[in-house]
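Let the hints inform the model, and build the full structure from the sequences given.
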Amino acid sequence: MPVPAAAFLHASETDTDSGRALYVKHCAACHGVDLEGQPDWRSPDANGFYPAPPHDKTGHTWHHDDAMLIDYITRGGQAVLDDMGVTFTSGMPGFGSVLDQGEIEAILDYIKSTWPEHIRDTQAQRSNAAAAD
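For the sequence shown, position 41 (counting from the first letter as 1) is numbered 41 according to UniProt numbering, and the numbering increases by one without interruption.
Because the hints were derived from the structure by calculation, they are not lab data. Treat the hints loosely; a few may be bogus.
What the hints assert, rightly or not - Simulated restraints on C-beta separations: (1) Ala129 <-> Leu81: 13 to 23 Å; (2) His63 <-> Cys30: 17 to 27 Å; (3) Thr122 <-> Trp41: 13 to 23 Å; (4) Ala46 <-> Asp100: 27 to 37 Å; (5) Gly85 <-> Ala21: 33 to 43 Å; (6) Phe88 <-> Asp17: 29 to 39 Å; (7) Asn47 <-> Asn128: 35 to 45 Å.
Just so we're clear, the structure is a prediction, and the values are computed from it rather than from any experiment. Here a beta-carbon is modelled for each residue, glycine too, at the ideal position from N, C-alpha and C.
In structure tokens, the structure reads:
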């Protein structure tokens with residue numbers, strides 16, 4: 001069951017600290033320690049894979065609702081994209097066997113904590129709309 005976006009809006013500093021530590025351990029190698037992503041992330045490499053995108057305000061993470069982001073992290077990008085019928089090659093592995101739901105949510109809390117308020121609000125609206133569907 002998707003978690004409403006409002007649950008992420010009130011993350012404590014401890015939650016975001018824990019989320020940052022988890023992000024650094026599991027995500028930063030590809031997405032950058034400062035959420036900056038890899039160079040040329042909008043263009044596929046020689047193997048057809050897109051480099052890891054940024055998770056800061058310059059990326060597209062905030063364009064997606066919470067349920068989709070949680071699913072993407074849990075099952076991996078390709079599984080989610082295939083289910084959506086999107087023809088895009090994702091190199092994002094699934095972390096569902098490494099991270100539990102609370103850890104995934106803590107990582108998202110941390111990422112969201114770095115976004116300007118208007119971006120957090122927009123993403124929360126998308127999440128709430130998707131949860132209502």
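Evaluation of the provided hints:
1. The hinted range of 13 to 23 Å is satisfied by Ala129 and Leu81, whose Cβ atoms lie roughly 21 Å apart.
2. For His63 and Cys30, the hinted distance range of 17 to 27 Å is satisfied, since their beta carbons lie about 19 Å from each other.
3. The beta-carbon spacing between Thr122 and Trp41, approximately 21 Å, falls within the hinted interval of 13 to 23 Å.
4. For the pair Ala46 and Asp100, the beta carbons lie near 35 Å from each other, so the given range of 27 to 37 Å is met.
5. A beta carbon spacing of about 36 Å between Gly85 and Ala21 agrees with the range 33 to 43 Å that was offered as a hint.
6. Under the hint 29 to 39 Å, the C-beta atoms of Phe88 and Asp17, about 33 Å apart, fit the expected range.
7. Take Asn47 and Asn128: their Cβ atoms lie about 37 Å apart, and the range 35 to 45 Å holds.
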